[in-house]
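Using my numbering, you'd call the opening residue of the sequence shown number 4 and step up by one each time.
It is worth saying that the hints were derived from the structure and are not from the lab.
Don't take each hint at face value.
Computed list of lysine-lysine pairs in BS3-like fashion (alpha-carbon distance at most 27 angstroms, straight line) [unchecked claim]:
1) LYS162 with LYS102
2) LYS201 with LYS102
3) LYS81 with LYS201
Ranges of calculated distance between the beta carbons of each label pair, as one might list FRET restraints [unchecked claim]:
4) ASP22 with GLY56: 18 to 28 angstroms
5) LEU127 with GLU174: 16 to 26 angstroms
6) HIS43 with SER64: 13 to 23 angstroms
The structure presented is a predicted model; accordingly, all values stated were derived computationally and were not measured.
By construction, the Cβ of each residue, glycine as well, lies at the ideal position given by its N, Cα and C atoms.
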Amino acid sequence: MSTPDPTLDGAVPLLNALDGINYVTSRDGTILAAGAANWHDFAGQNDGHRLAGPVGLNCLSACSDGETRDAYSTLYEKLWSGDLPRCALRVRCDSPGLKRVMRLVLAPLHFGGQTKGIVHQSLLVHETQRPAVDLFREYYRHTTAWTGPLLKMCSYCQKVHMSGDHWVEAEDYYRLGGSSDVRISHGICEPCADSLLKLLEIDKNQGKGHA
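Based on the provided sequences and hints, a complete structural model is requested.
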């Protein structure tokens, strides 16, 4: 289990002052510090009023498959080691009534010549209104004891998995007869996996070139 570093206390005012959703994770993805005000405001906009505070949550805990966890773990390791100085990803973060495109920027946080965490900053690029989609309400439900079937959602583009390599938008999932009585688990679709691996490979080669 990751133990919060007291030196991160000094980062909290900055995390609160920055635009967007801002937090610092450990090497294994556990949130150590966060800009709590913006976190809770955004959670409320996403039907997440009952969510606990962010500190202590693990960014990989919702990943249902090893491929997704491995992709994030590789990204974190490259940032932590310095092989990757920063990374910017285009991701989706939808609410029931909004489609949102976000820019997620990750960079290592250094104190005293040591890496103390990985800073995450999520900024809104644009959003589009839509009729409310119940599937995204289900994501924020407390489902610890719920035995409904798992539905895999891509953690980047938020398309849902139907079968094989078939991934669709949430609206199309309902048009195809999908149900809201499911538990959401995070995975990664092939196009997003390919994009991430390409990004990591490019940055790995760049890191070697600067060695």
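Original post:
Are the Cα positions of LYS81 and LYS201 separated by 27 angstroms at most?
Top reply: holds (14 angstroms)
**OP:** State, for the Cβ atoms of HIS43 and SER64, whether the hinted interval 13 to 23 angstroms holds or is violated.
**Re:** This hint holds: roughly 19 angstroms between Cβ atoms.
**OP:** With 18 to 28 angstroms as the target window, see if ASP22 and GLY56 comply at their CB atoms.
**Re:** holds (20 angstroms)
Subject >> Outcome of range test on Cβ distance (LEU127, GLU174; 16 to 26 angstroms) >> reply: holds (21 angstroms)
Subject >> Restraint check for LYS162 with LYS102, where alpha carbons must lie at most 27 angstroms apart >> reply: Cα-Cα ~11 angstroms, so holds.
Subject >> Agreement of LYS201 and LYS102 with the hint, judged by alpha carbon distance not exceeding 27 angstroms >> reply: The given pair, whose Cα atoms are some 26 angstroms apart, holds under the 27 angstroms limit.
The earlier numbered hints are all upheld by this structure, with none contradicted.
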